[in-house]
Amino acid sequence: MAVPVITLNDGREIPQLGFGVFQIEPAQTAEAVRRALEIGYRHIDTAEMYGNEAEVGQGVRDAGLAREDVWITSKLNNGFHEPDAARRAIDDSLTALGTDHLDLFLIHWPLPTRYGGDYVSTWKVLEEAHADGRLRSIGVSNFQPAHLRRLREEATVVPAVNQIEVHPYFTNEAAREASAAQQTAVEAWSPIAQGGVLDDPVITQIAQRLGRSPAQVTLRWHVERGDIVFPKSATPSRMEENFALFDFELSGEDVAAISALDKGEEGRTGPNPDTFDYVPD
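Numbering (the working numbering), first residue to last: 1 to 281.
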């Protein structure tokens with residue numbers, strides 16, 4: 001089953017469906033990644049803060065695929081926003097993953113109440129590593145419209161990606177629209193609201209009519225809207241189910257009905273990027 005690609009604003013193509021490893025224990029990660037690649041996934045999303053980069057790298061090697069056939073994303077730890085720390089963190093990610101480049105590297109959170117609110121100098125470190133080829137594409141995560149605007153005004157490279165919380169109960173349209181306005185692709189994290197949407201009557205009725213699971217319908221909704229999505233599960237049957245999204249479609253009415261479930265800020269499952277200031281010990 002062929003996974004569609006999204007062409008980023010830097011001209012590179014990213015698989016629209018990936019495999020996320022957030023909250024997968026390191027001891028399980030290598031096997032989960034190997035299995036995901038066996039199923040057909042070619043896009044793996046990790047982060048320094050997930051604590052499993054080394055295991056992701058091992059899983060890619062265990063799968064026996066050529067490095068250029070697997071898109072690997074990682075993200076900067078919140079504790080390493082100062083420029084020299086960010087430079088070391090990029091090197092550490094490359095070492096942990098066992099690769100000489102990353103396909104995509106993101107600032108994980110803007111942290112506007114930390115570091116004097118200076119995420120621009122952090123971004124410029126990513127620009128350096130992008131220029132020398134170690135980071136093939138660079139982007140951000142959890143950036144609000146104002147954060148994107150500031151980068152556009154003060155930096156050189158427009159982010160290729162903005163990875164933000166998006167699901168039927170929190171469609172996050174302001175951040176999606178601000179990203180689209182500068183041709184920054186949207187990646188949706190928490191795509192099924194940590195399972196919270198799977199019992200919704202609108203989604204379950206559509207799923208019953210199509211003979212699909214509520215998770216497949218929700219993930220297909222993301223695909224239909226043009227976002228990149230990377231569901232997480234270490235269960236092989238669920239991994240296979242989440243991959244089977246491209247042999248059916250939703251109607252325009254289905255997409256609209258699911259989008260209408262949006263609850264605004266009340267629908268968030270994660271923290272608000274304007275106030276989130278967590279830095280690991």
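Any given hint could be a false lead.
[Claimed, not checked] Pairwise CB distance ranges (calculated):
{"no.": "1", "residue 1": "D10", "residue 2": "E249", "range": "38 to 44 angstroms"}
{"no.": "2", "residue 1": "F248", "residue 2": "D92", "range": "40 to 46 angstroms"}
{"no.": "3", "residue 1": "L65", "residue 2": "P271", "range": "33 to 39 angstroms"}
Hints in this document: simulated from the structure, not taken from any laboratory.
The beta-carbon is built from N, C-alpha and C at its ideal position, and this holds for glycine as well.
Evaluated hints:
1. In this structure the supplied range 38 to 44 angstroms is violated for D10 paired with E249, their Cβ-Cβ distance being about 29 angstroms.
2. Our hint of 40 to 46 angstroms for F248 and D92 holds, since their Cβ atoms are close to 42 angstroms apart.
3. For L65 paired with P271, a C-beta distance near 35 angstroms keeps the hint of 33 to 39 angstroms intact.
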